[in-house]
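Chemist: Now for the letters of each chain:
2 protein chains.
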Amino acid sequence: MKTLKIIKIGGNIIDNEAALSSFLEVFATINSPKILIHGGGKLATQLANQLGLEVKMIDGRRITDKATLDLITMVYAGKINKNIVAELQSKNCNAIGFSGADGNTIISKKRPVKPIDFGFVGDVKKVNIETLQVLLEHKVTPVFCALTHDKKGQLLNTNADTIASELAIGFAKYYQTELYYCFEKNGVLRDVSDENSVIREITTQSYQNLIDDKVIVDGMLPKLNNCVHAIEKNVYKVCIGKPEMLYDDKANFTTITK
Amino acid sequence: MKTLKIIKIGGNIIDNEAALSSFLEVFATINSPKILIHGGGKLATQLANQLGLEVKMIDGRRITDKATLDLITMVYAGKINKNIVAELQSKNCNAIGFSGADGNTIISKKRPVKPIDFGFVGDVKKVNIETLQVLLEHKVTPVFCALTHDKKGQLLNTNADTIASELAIGFAKYYQTELYYCFEKNGVLRDVSDENSVIREITTQSYQNLIDDKVIVDGMLPKLNNCVHAIEKNVYKVCIGKPEMLYDDKANFTTITK
Chain A
1 MKTLKIIKIG GNIIDNEAAL SSFLEVFATI NSPKILIHGG GKLATQLANQ LGLEVKMIDG
61 RRITDKATLD LITMVYAGKI NKNIVAELQS KNCNAIGFSG ADGNTIISKK RPVKPIDFGF
121 VGDVKKVNIE TLQVLLEHKV TPVFCALTHD KKGQLLNTNA DTIASELAIG FAKYYQTELY
181 YCFEKNGVLR DVSDENSVIR EITTQSYQNL IDDKVIVDGM LPKLNNCVHA IEKNVYKVCI
241 GKPEMLYDDK ANFTTITK
Chain B
1 MKTLKIIKIG GNIIDNEAAL SSFLEVFATI NSPKILIHGG GKLATQLANQ LGLEVKMIDG
61 RRITDKATLD LITMVYAGKI NKNIVAELQS KNCNAIGFSG ADGNTIISKK RPVKPIDFGF
121 VGDVKKVNIE TLQVLLEHKV TPVFCALTHD KKGQLLNTNA DTIASELAIG FAKYYQTELY
181 YCFEKNGVLR DVSDENSVIR EITTQSYQNL IDDKVIVDGM LPKLNNCVHA IEKNVYKVCI
241 GKPEMLYDDK ANFTTITK
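Chains as they are written, first to last, in UniProt numbering: chain A, 1 to 258; chain B, 1 to 258.
If you are wondering where the hints come from, they were derived from the structure by calculation, not from laboratory data. Be aware that a few hints might be false.
One copy or two, it doesn't matter: identical chains are merged, so the pair holds either way.
Stated by the list, open to error - With a straight-line cut-off of 16 Å between C-alpha atoms, the simulated EDC-like cross-links for lysine to aspartate or glutamate are:
1) 91 - 150
2) 2 - 178
3) 56 - 178
4) 214 - 25
5) 66 - 54
6) 151 - 25
7) 91 - 178
8) 56 - 232
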């Protein structure tokens with residue numbers, strides 16, 4: 001089977017022009033078929049502030065009301081996505097920007113309004129890879145922002161980590177699929193204050209122990225959940241770390257295995 | 001040769017939710033391969049006002065400075081384009097949103113800064129249809145917003161009428177290409193105050209007479225220029241009128257012929 005690399009980058013790279021540019025430089029040179037998924041970063045919040053839009057939160061989680069959905073559609077699918085595509089083209093990587101509505105690639109279901117109404121947030125229901133496969137075969141690189149749709153005309157805000165893992169799972173049958181979560185740390189850390197305490201390997205078994213021992217907490221919980229879910233659904237390889245893991249043989253990072 | 005319909009809709013449809021929805025209903029049912037190009041409408045100006053951005057004009061023409069380019073990238077490529085794509089998906093039309101950067105489909109050159117510096121405005125230099133052809137063959141419908149790129153990482157604001165005609169010209173060799181400009185009037189009017197004065201046919205020869213007679217003036221000049229250019233470059237058919245021309249046999253509209 002051919003290798004497919006699915007790479008997710010988060011807000012820390014998006015928000016830093018130099019970091020984004022040097023990441024895209026590396027990404028563009030990856031020879032195998034590849035897909036990029038990007039998060040949103042601080043731009044949406046900045047624009048919300050400029051527009052005087054109130055950010056609604058419940059239990060520390062953002063509520064996606066209609067105005068917020070419009071805003072992230074503009075920022076994620078418009079400004080961030082199209083500028084990434086244009087920059088990749090300048091580096092001779094033939095990219096096409098995608099939301100989950102484009103090519104009907106990711107259908108999601110609006111989250112139930114109880115117990116908490118998160119607004120226009122979608123949980124992934126189905127991934128259609130046919131169109132993406134055709135494009136990959138023609139050396140085109142899809143670049144996804146964190147939006148999906150319900151196939152009834154409604155765009156929905158969806159977690160970028162989840163989009164990455166669901167795409168990887170969708171491709172697992174057809175490609176030896178590698179999933180990379182790039183973020184600001186060297187990987188999953190045993191001691192969050194020590195960048196050298198990277199846990200090199202996490203198995204689906206040791207994962208549970210790390211939760212019980214409260215080593216994996218807070219934001220790392222849903223991220224790791226996506227990783228383990230992907231490995232269980234036959235994604236070949238899942239890695240978490242800094243973008244350096246993509247090219248530096250000596251880089252420290254975390255690999256999730258069965 | 002297979003028929004390809006390239007249809008451009010302008011601000012008057014984009015700004016009217018009901019008109020847009022009923023247009024997309026018709027568009028979705030078109031059986032032949034098809035491409036949609038949409039203009040921007042008033043949303044960009046509204047958002048500029050909300051953000052307190054000053055709209056800079058020279059000789060009645062808008063200047064696209066960096067802030068304006070960001071804004072139209074958000075509104076055209078983000079909000080408008082993705083909502084059209086999502087709505088087409090709900091009508092079982094498998095659409096993918098495009099700017100000219102996506103798939104490297106439309107490369108343009110930033111307009112020279114003399115005599116007037118229009119800012120980030122691009123004049124089309126080259127159209128690459130390969131990726132679009134692959135998608136059309138797989139029954140995917142590209143939906144273009146009015147942005148192109150310079151292949152050096154810079155997005156550029158480009159006239160939507162021009163994008164439509166340049167795409168049509170690019171496809172003329174491979175498809176029997178029909179180009180439809182949908183706008184708020186029944187067609188090119190002999191008397192601008194009389195909707196019944198539609199000129200049914202304009203040839204490349206009568207075109208010059210209509211300009212000399214000042215029948216074609218103002219905003220119709222560049223529009224007709226795009227039409228005539230397309231016909232001269234072997235586009236099979238070019239029509240201007242209300243969206244009804246797409247399905248109503250009795251509709252009045254203007255056809256441009258050689």
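Chemist: Classify it for me, residue 56 with residue 232: is the Cα-Cα distance of at most 16 Å met within a copy, between copies, both or neither?
Modeler: Neither way: residue 56 and residue 232 sit 35 Å apart in one copy and 55 Å across, limit 16 Å.
Chemist: Can you give me the call for residue 66 and residue 54, within, between, both or neither, at a CA distance of at most 16 Å?
Modeler: within (12 Å within a copy, 26 Å between copies)
Chemist: How do residue 214 and residue 25 come out at 16 Å by Cα distance, when the copy is not named: within, between, both, or neither?
Modeler: The answer is neither: 37 Å in one copy and 53 Å across copies each exceed 16 Å.
Chemist: One pair to classify: residue 2 and residue 178, alpha carbons no more than 16 Å apart. Within, between, both, or neither?
Modeler: within (11 Å within a copy, 40 Å between copies)
Chemist: Please sort residue 151 with residue 25 into within, between, both or neither, judging by C-alpha distance up to 16 Å.
Modeler: Cα proximity of residue 151 and residue 25: across copies only (15 Å, versus 35 Å in one copy).
Chemist: For residue 91 and residue 150, with the copy left unspecified, which applies at a CA distance of at most 16 Å: within, between, both, or neither?
Modeler: between (34 Å within a copy, 12 Å between copies)
Chemist: Using 16 Å as the alpha carbon limit, work out where residue 91 and residue 178 are close: within a copy, between copies, both or neither.
Modeler: Close neither inside one copy (23 Å) nor across copies (34 Å); limit 16 Å.
Chemist: Please work out whether the CA atoms of residue 56 and residue 178 approach to 16 Å or closer within one copy, between two copies, in both situations, or in neither?
Modeler: neither (36 Å within a copy, 48 Å between copies)
Hint compliance for this structure: hints 3, 4, 7, 8 are not met, and every other hint is.
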